[in-house]
Amino acid sequence: MNLKYSKDYQRFREEVRQFIKDHWTEEDVAANPQLSEMAQGLGSSPRTDERATAFRRAAAERGYMYRHVPRAYGGGEQAPDPLKATILVEELKAAKAPVELMSQGPAMLVPTLLAHGTEEQKKQYVESTLLGHVRWCQGYSEPGAGSDLASLRTSGVLEGDHWVVNGQKIWTSNAREADMMFALIRTEPDEPKHDGISYLLIDMKTQGIDVRPLRQMDGDAHFNEVFLDNVRVPRDSVVGERGQGWYVSRSTLKAERALIGNASMARRTFDGAVALAQMTQVRGRPAIEDPVIRDRLTDLESRVLAAEYNGFRLLTESAKGHDGGLAGLVTKLHTSTLAHDVSKLAMNISSDAAMLAPGEEHAPFAGMLVQSYIMYYALAIGGGAPNIQRNVIGERGLGLPRDPRR
Amino acid sequence: MDFGLSEEQTLLQDTVKRFAQAECPSTRVRQVMESDDGHDPALWQGLAELGVAGMTVPTEHGGAGLELLDLALIADVLGWAATPGPFLGNAMATTALCASDSDAQNQWLPGVATGETLLTVAFGEGIGEWDAGAVETKATGGKLSGVKSLVPYAGVSDALIVSAMDGDGPGLWAVERGASGMQISALTGNDQTRRVSRVHFDGTPATKIAAGRTAADRARDVGLVLLAADASGGAHRCLEMTTDYALTREQFGQIIGAFQGVKHQLANLACDLEPAVSLWWYAAHAFDHINDKSERHAALSKAHLTDLYDTTVRYAIELHGGIGFTWEYDLHLWFRRAMFDRAFLGESSYHRRRAADLAGW
Chain D
9 MNLKYSKDYQ
19 RFREEVRQFI
29 KDHWTEEDVA
39 ANPQLSEMAQ
49 GLGSSPRTDE
59 RATAFRRAAA
69 ERGYMYRHVP
79 RAYGGGEQAP
89 DPLKATILVE
99 ELKAAKAPVE
109 LMSQGPAMLV
119 PTLLAHGTEE
129 QKKQYVESTL
139 LGHVRWCQGY
149 SEPGAGSDLA
159 SLRTSGVLEG
169 DHWVVNGQKI
179 WTSNAREADM
189 MFALIRTEPD
199 EPKHDGISYL
209 LIDMKTQGID
219 VRPLRQMDGD
229 AHFNEVFLDN
239 VRVPRDSVVG
249 ERGQGWYVSR
259 STLKAERALI
269 GNASMARRTF
279 DGAVALAQMT
289 QVRGRPAIED
299 PVIRDRLTDL
309 ESRVLAAEYN
319 GFRLLTESAK
329 GHDGGLAGLV
339 TKLHTSTLAH
349 DVSKLAMNIS
359 SDAAMLAPGE
369 EHAPFAGMLV
379 QSYIMYYALA
389 IGGGAPNIQR
399 NVIGERGLGL
409 PRDPRR
Chain C
9 MDFGLSEEQT
19 LLQDTVKRFA
29 QAECPSTRVR
39 QVMESDDGHD
49 PALWQGLAEL
59 GVAGMTVPTE
69 HGGAGLELLD
79 LALIADVLGW
89 AATPGPFLGN
99 AMATTALCAS
109 DSDAQNQWLP
119 GVATGETLLT
129 VAFGEGIGEW
139 DAGAVETKAT
149 GGKLSGVKSL
159 VPYAGVSDAL
169 IVSAMDGDGP
179 GLWAVERGAS
189 GMQISALTGN
199 DQTRRVSRVH
209 FDGTPATKIA
219 AGRTAADRAR
229 DVGLVLLAAD
239 ASGGAHRCLE
249 MTTDYALTRE
259 QFGQIIGAFQ
269 GVKHQLANLA
279 CDLEPAVSLW
289 WYAAHAFDHI
299 NDKSERHAAL
309 SKAHLTDLYD
319 TTVRYAIELH
329 GGIGFTWEYD
339 LHLWFRRAMF
349 DRAFLGESSY
359 HRRRAADLAG
369 W
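Order-wise, the sequence lines are chains D and C. Counting from 9, one number per residue, gives the positions in the first sequence under this note's numbering. Counting from 9, one number per residue, gives the positions in the second sequence under this note's numbering.
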């Protein structure tokens with residue numbers, strides 16, 4: 009075990025630092041307040057300005073961004089190296105410079121196109137997606153097909169040169185801002201359920217698409233319902249083979265990305281909870297002096313540290329070309345449960361101020377606390393509900409039998 | 009950056025595990041448990057030949073000169089196998105000695121390195137007092153007076169490293185086997201794989217080996233990390249045993265591992281346990297390399313892992329049903345070790361309180 013970066017990596021870090029200094033000025037930082045860590049995180053796909061686009065393009069040319077994407081499609085084309093990837097993210101964030109866009113298009117569609125797309129599809133969509141010119145939403149879930157995604161029913165029928173699509177998608181993040189949707193559509197109704205699905209690219213401006221915001225329990229409307237009524241999609245919009253969409257959609261990210269255990273949310277919330285406990289006076293004394301709060305904080309801190317070090321461990325495994333096994337399979341369930349538990353403690357520390365809605369003057373952390381407490385419920389469900397994760401851990405990690413499937 | 013085990017470390021762990029599987033199956037564990045002193049010299053000598061006894065003894069004294077992480081990887085395996093014996097107290101005493109004066113090192117360490125000499129620590133007093141700065145045992149004119157509770161393997165050790173106070177404050181003293189005025193009473197613990205005694209000192213001749221509390225604190229931190237590693241190994245074993253059981257036991261016409269009620273509980277245990285391994289790895293590494301994080305991480309990892317061990321054992325017994333509660337079935341060997349790991353050197357809430365204090369909160 010050696011927790012220092014070797015000389016080569018330190019030199020790489022210096023090079024990256026210099027590159028950022030040369031390409032992202034103080035004025036750029038001031039002009040892009042949305043490039044805070046928060047805004048660059050989950051799901052959001054801001055229209056980025058020209059300077060950010062130019063920076064991303066230069067960073068990709070230099071091999072500093074979109075390292076897994078070939079140069080022909082606007083990527084950096086570098087060998088997988090999780091340590092370099094980590095250094096890049098650390099330096100970009102520290103300098104408040106643009107990081108790679110991580111929304112659904114770059115994170116999910118691009119790897120899929122690279123693995124299964126035609127040359128035309130790659131040329132048309134990869135670079136424009138990486139730079140944020142084309143924004144995507146993901147049309148997977150349906151009202152009757154959440155965790156059992158393969159039972160989806162939205163249909164596509166080939167009529168001449170077009171697929172005619174009818175049905176409904178739900179929980180569609182950012183559908184109102186998106187230019188395009190990558191969707192799973194049942195095109196072969198007579199095949200077994202996993203074999204009758206195609207992966208389609210659908211222009212959101214096509215006639216017959218109706219997007220309705222879906223108001224969440226926190227009052228916000230991040231998700232949408234998307235209704236498709238005789239939507240005509242060009243025949244060549246299928247990615248991969250017709251009827252093979254289920255398998256196309258399974259194409260995963262490079263190990264470089266997928267394996268980095270993400271404890272950062274839990275860490276940020278934990279640090280916030282400690283700060284809150286130090287500044288909050290409850291019944292005449294600082295909350296941090298309450299022995300129960302101190303016990304709960306140190307208990308949760310152990311779990312936050314375990315999650316962080318587990319991330320280091322997976323990073324090391326990944327650098328050696330290993331998949332991390334059980335330690336990797338548990339990451340999502342572990343970190344999402346942890347984020348919830350930490351933010352629940354922060355709510356407890358806030359005492360009765362926790363009942364105030366975001367926007368109320370005395371709401372803890374200007375309402376951010378309540379907002380994240382509520383959003384962690386969505387994060388636990390998104391990308392596989394906790395009980396689905398438990399099945400994966402039990403079946404793939406511990407070798408227990410699969411659930412009965414019809 | 010490399011957060012993982014080296015090839016040598018993996019090899020070491022595999023070697024000790026193979027030894028434990030061959031030489032220390034549960035039948036042997038049970039034999040040692042039923043013996044008077046809970047010590048099997050042949051088993052200990054076998055481990056010593058693999059380098060277990062002298063792992064952290066400096067090379068100039070004949071040891072392997074390795075680090076706490078190497079030793080903790082062994083503790084992990086011994087916890088997995090529920091190996092009985094004096095490993096823990098011996099390792100703590102060795103650390104105390106290494107952090108002390110050189111004459112005593114010359115006297116004891118070469119024997120420790122080969123496994124011929126066995127040391128232990130007498131740190132605890134009364135109920136729940138493990139702090140070297142708060143002990144009541146007194147040292148006056150080279151003689152000790154006081155009572156130490158929960159001393160591991162006092163009866164078979166060649167020397168005891170004792171925390172006590174003299175006119176200069178806290179310090180450590182060495183007491184040789186058979187010293188006058190020393191009375192050892194064996195206690196019946198819940199975990200018969202690791203024995204403890206109460207030791208009375210009444211004008212017992214002793215040699216001061218360290219002034220101040222640093223050496224005692226270092227030895228305690230080693231103990232905390234080794235307990236965390238033992239808990240980790242033991243909890244993994246319980247998870248393995250229960251998974252195996254869930255794959256063979258049939259009820260309602262199918263193996264119980266197919267039921268989500270069972271599968272999800274096992275997944276939850278794995279989900280908490282797997283990341284926690286990295287916590288004691290880090291604590292062990294910090295002991296040798298990251299001074300400012302060493303004490304706090306030792307406390308956090310002991311509290312966290314021994315709590316997890318407790319939870320794992322509880323679900324393991326529940327998932328086994330009645331068979332898990334029988335004497336014949338082996339599960340209770342680990343259940344008892346979990347009780348030891350949680351209580352020895354101070355309970356979880358005590359160490360979490362210390363960790364909060366150490367954070368300056």
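What the hints contain is simulated information worked out from the structure, not anything from laboratory work. Quantities reported herein were computed from a predicted structural model and do not represent experimental measurements. Hints are supplied without guarantee of correctness; some may be wrong.
[What the hints assert, rightly or not] Some chain C residues near chain D, calculated using beta-carbon distances under 7 Å:
1) 9
2) 18
3) 248
4) 251
5) 266
6) 267
7) 269
8) 272
9) 279
10) 283
11) 358
12) 360
Yeah, the Cβ is synthetic: ideal placement off N, Cα and C, and Gly gets one too.
Status of the hints after comparison with the structure:
no.: 1; hint: 9; in the structure: 5 Å, holds
no.: 2; hint: 18; in the structure: 12 Å, violated
no.: 3; hint: 248; in the structure: 9 Å, violated
no.: 4; hint: 251; in the structure: 5 Å, holds
no.: 5; hint: 266; in the structure: 4 Å, holds
no.: 6; hint: 267; in the structure: 9 Å, violated
no.: 7; hint: 269; in the structure: 11 Å, violated
no.: 8; hint: 272; in the structure: 4 Å, holds
no.: 9; hint: 279; in the structure: 4 Å, holds
no.: 10; hint: 283; in the structure: 4 Å, holds
no.: 11; hint: 358; in the structure: 10 Å, violated
no.: 12; hint: 360; in the structure: 4 Å, holds
Checked against the numbered hints above, the structure violates hints 2, 3, 6, 7 and 11; every other hint is satisfied.
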